[in-house]
Amino acid sequence: MSVCPTYRETGEEGMVARGKLTLIEAFQGEELPLSRKFRKLVETCLLCGACARHCANGVRPDNLIQWQRSQLRERGPTSWTARLATNTLEAAGQWPRLMGPAASLAQALICKKIPAESGLHLRFPLAVLSQRRYVPRLSHSPFLTKVSDRALGHGPKVGLFVGCVGNYLFPQISEAILELLGRCGYQVIVPGDQRCCGMPAWASGDVETATALAEHNSRVFLESGCQWVVSGCGTCSTQLRTRIPELLGGAAPGAARFFLQQSVDLVAFIVGQLSPVVLRRALKSPGKVTVGYHDPCHLLHHQSIFEEPRRLLSLLPGVSVADPSDTHQCCGHGGLFNIRNYRLSSQIGLRSISRFDKSGSDVLATACMGCLMQLQESNWRHNAGLTVCHLVEVVTGRVAT
Amino acid sequence: MLVRETIRKLSAIVGRERCRTDREDLICYGYDATDLHYSPEAVVFAEDVKEIAAIVRLANETPFYLIPRGAGSGMSGGSLPVRGGVVVALSQMNGILSIDTENLVAVVEPGVVTGHLQAEVANLGLFYPPDPASLGFCTIGGNVAECAGGARALKYGVTKDYVLGLEAVLGTGELVRTGVQTAKGVVGYDLTKLLVGSEGTLAIITKVVLKLLPQPESRRTLMAVFEQLGEAITAVTRIIGSGLLPCALEFMDQRSIRCVEDYLNIGLPRGAGGLLLIEVDGVTEGVTRHAEEIRELCLRERAQRVDTAGSEAEADELWQARRAVSPALFRLNPDKVSEDITVPRNRIPDIVATLEEIGQRQRLGILCFGHAGDGNIHVNIMIDRSDSDEVARTKQAVKEIFEATLELGGTLSGEHGIGITKTPYLGMEIDEIGLDAMRRIKTALDPKGILNPGKIFLDSNERAAVMGKLWKTRR
Ligand SMILES: Cc1cc2nc3c(=O)[nH]c(=O)nc-3n(C[C@H](O)[C@H](O)[C@H](O)COP(=O)(O)OP(=O)(O)OC[C@H]3O[C@@H](n4cnc5c(N)ncnc54)[C@H](O)[C@@H]3O)c2cc1C
Ligand code: SF4
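As you go down the protein sequences, you meet chains A and B in turn.
Per the numbering used here, the very first residue in the first sequence carries number -7; after that it's consecutive.
Per the numbering used here, the very first residue in the second sequence carries number 58; after that it's consecutive.
No lab work stands behind these hints: they were computed from the structure.
Glycine included, each C-beta is placed from N, C-alpha and C at the ideal position.
Just so you know, not all the hints are guaranteed correct.
Listed next, the in silico SDA-like pairs over lysine to any residue satisfying Cα-Cα at most 25 Å (straight line) [to be verified]:
{"id": "1", "chain 1": "A", "residue 1": "Lys280", "chain 2": "A", "residue 2": "Leu252"}
{"id": "2", "chain 1": "A", "residue 1": "Lys32", "chain 2": "B", "residue 2": "Asp79"}
{"id": "3", "chain 1": "A", "residue 1": "Lys29", "chain 2": "B", "residue 2": "Val233"}
{"id": "4", "chain 1": "B", "residue 1": "Lys66", "chain 2": "A", "residue 2": "Trp59"}
{"id": "5", "chain 1": "A", "residue 1": "Lys29", "chain 2": "B", "residue 2": "Lys499"}
{"id": "6", "chain 1": "A", "residue 1": "Lys350", "chain 2": "B", "residue 2": "Val233"}
{"id": "7", "chain 1": "A", "residue 1": "Lys29", "chain 2": "B", "residue 2": "Leu93"}
{"id": "8", "chain 1": "B", "residue 1": "Lys499", "chain 2": "B", "residue 2": "Asp79"}
{"id": "9", "chain 1": "B", "residue 1": "Lys268", "chain 2": "B", "residue 2": "Val233"}
Chain B regions said to be covered by chain A (calculated; three or more residues, Cβ under 8 Å) [said to hold, decoys possible]:
{"id": "10", "segment": "71 to 81"}
{"id": "11", "segment": "112 to 123"}
{"id": "12", "segment": "142 to 154"}
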């Protein structure tokens, strides 16, 4: 309760894990009929995992809520966003379908470049249609069309999982990751046929698509012969490390084990593998700046990654790390949550950006592409004037000061 | 039953969006931190005192019941709508109206989360000491209504020691302002203290004036492990007797220590009979010296081991053991019956021995931990509610525990209040004259019995019904 971002904004019992679990129990016990309100409440959860991490009794409300979503999905989605999710996600691997009257020229242009199963698909048709939003410019050439199936550099082999956002929206970040891994002494393999990590599908209850993506990605990476799979997006790395083993556990125990043990978030990977001396040589300081670091829920709550990014920043000469006095605050993105509950999502975003605004940071860095999109939008909406970027852009000296 | 007309009138006061009758809301506002559930007929989210006054007046005219609710974290069922009616949710009235750094006074709305207030005043170098373990989510209004306490009560007192004044709507719908905005004040009866701890039965609190302190300069935590619980408690008595006043003095008994060690594997000696967690705060030199004195004193009282935390992180590690008790308990059995009796500090060994005896006789696992400094003991009986015989033995044990507590000069509840879960036992502690005086106060401030009915005072039928709910077996 103390940690639930949606409860913090609304103060409503139906918004907090305890309320949702009670409602799910009532619904399962047939004391509560299926209603729009129930669906809405089940959808209004960021799956941020804060409640699970703090639960004294080891309950995983986020997983139960996701499970309820998958159950509801079987009974036919009703809300238009959920329908949209179903449409796009079910068409995994196929060319995108146009989505009824919502289709517009802009949408069609964007959709053409993004495969149907990508989580991004769910954002951009809407994002472009809505004037209120900050939309990052779509890259002309996705990262994977430029760099794929090539082994870059020398050393132990690391497979790079790029992720939808890293591919279509922020290829420059993916390039920075390549550079960093190279400087750290790794040979980087970027399998060209990799797809969406499957988190958006999983989170909206579409276990089938998530499983199909897990199978595909695990095959592609296992065949690539890499020793580790690394991702610079906290959401993707969580999906790879925790969900792939869950989804494939029974069917493909070998792949499950590989992802459980060998897939790692970029930041945790380099800090865990390399000594400070080696790291210091590999990193490039952006010079004198104050950097605030936003903990992505997928790193903090799902993977307990807290020290590592801070340690990286502390190795950069000239960089001071701002430490907001209050506690961690989810950015409010939550993937589809941001679309389904736009107002609430922005409210949460405001709270998270203003922590850093007040703390005197020039740069706000994070390590998850979802957070990055949300923080950029919050920064823009609330005129916070921060430079919002990926941590890897800071440690490769790319952030302009 | 509320008629449609009443709902319409409520909606007219707070707006349609904040007046709810959906099944989902009725389910979510029918429980608190106890395992009990009662459905309200409507939920209204109040945003200011005018709305609340209008709601209470409407409730008097109609009539219907009103149940004030903060975060619903109460452990005694205070916010449960036992007789139906309308829940008045105060969680959205959560503004911090002012923090006066010169006079050390804060004025807040009742829905402010205790921990948020603490963080805000800490940013200004100030300190709001009451620290119930639920501070991350419970509200100041709920704290005032229950007179919540916490680990720091030994040195800093409980909520009532920090409430200077209140604004509240009485059961009649009249607005009352009590108390002062100054450090002292003796004008008239102390209505502030009357409303503190009144569990929402006399008035709905709409504004709270709180006393603040300067933030202590530093803090140090120690953990001492003893072979016998008796030795640990003697150490507690010695510490306080020697003029040292730690801000926290928590203890755990042998079963709790084992349970935590099995859960966390942090190297606690499983054979140890008692563990103390001690925190001192104040000016840095004083803190260092006092921590050292306490360490020596514990060793003199035959502590097997004393760890002192050097940093914030180390202190956190030490507290980990204490914080882990509650979750660890559920590894023993699926259901918990927990009481928060309080005895005079030096009677802790006596009550612990009695608890041990009762546990053996009734074949129950009883674990104790809590605030040794002020004699407030959390007694936890871990049971399986699907076992009807075990439930019956637990019911008997609880009664015996209360009897023993009162015999030692103690009280049934140190923090959690009466609500409904303790109502059947109230008569054990307060005699008929005392109860009658309380009833007369209730009638004076809430003549129609609108506010939070079915709490504290019950007739014998209701008492039987509550007992039935409390001690039901799970199918
Ligand atoms: C994990 C956990 C740990 C806890 N630890 C402690 C502890 O260490 N110490 C302690 O003292 N308690 C503790 N509690 C109990 C509980 O948190 C406190 O009693 C707290 O004060 C309740 O606050 P609330 O906002 O949740 O109130 P609620 O539970 O919503 O209400 C409690 C009572 O206050 C009344 N009320 C609420 N707001 C108002 C208002 N504005 N005006 C009038 N009446 C009102 C309600 O009608 C009800 O009778 C704990 C509870 C939990 C779940
Ligand atoms: S996962 Fe996050 S948003 Fe969802 S209930 Fe838990 S804390 Fe709240």
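Hint-by-hint comparison with the structure:
| no. | hint | result |
| --- | --- | --- |
| 1 | A:Lys280 <-> A:Leu252 | 38 Å, violated |
| 2 | A:Lys32 <-> B:Asp79 | 13 Å, holds |
| 3 | A:Lys29 <-> B:Val233 | 38 Å, violated |
| 4 | B:Lys66 <-> A:Trp59 | 40 Å, violated |
| 5 | A:Lys29 <-> B:Lys499 | 39 Å, violated |
| 6 | A:Lys350 <-> B:Val233 | 38 Å, violated |
| 7 | A:Lys29 <-> B:Leu93 | 24 Å, holds |
| 8 | B:Lys499 <-> B:Asp79 | 32 Å, violated |
| 9 | B:Lys268 <-> B:Val233 | 20 Å, holds |
| 10 | 71 to 81 | holds (count 3) |
| 11 | 112 to 123 | violated (count 0) |
| 12 | 142 to 154 | holds (count 4) |
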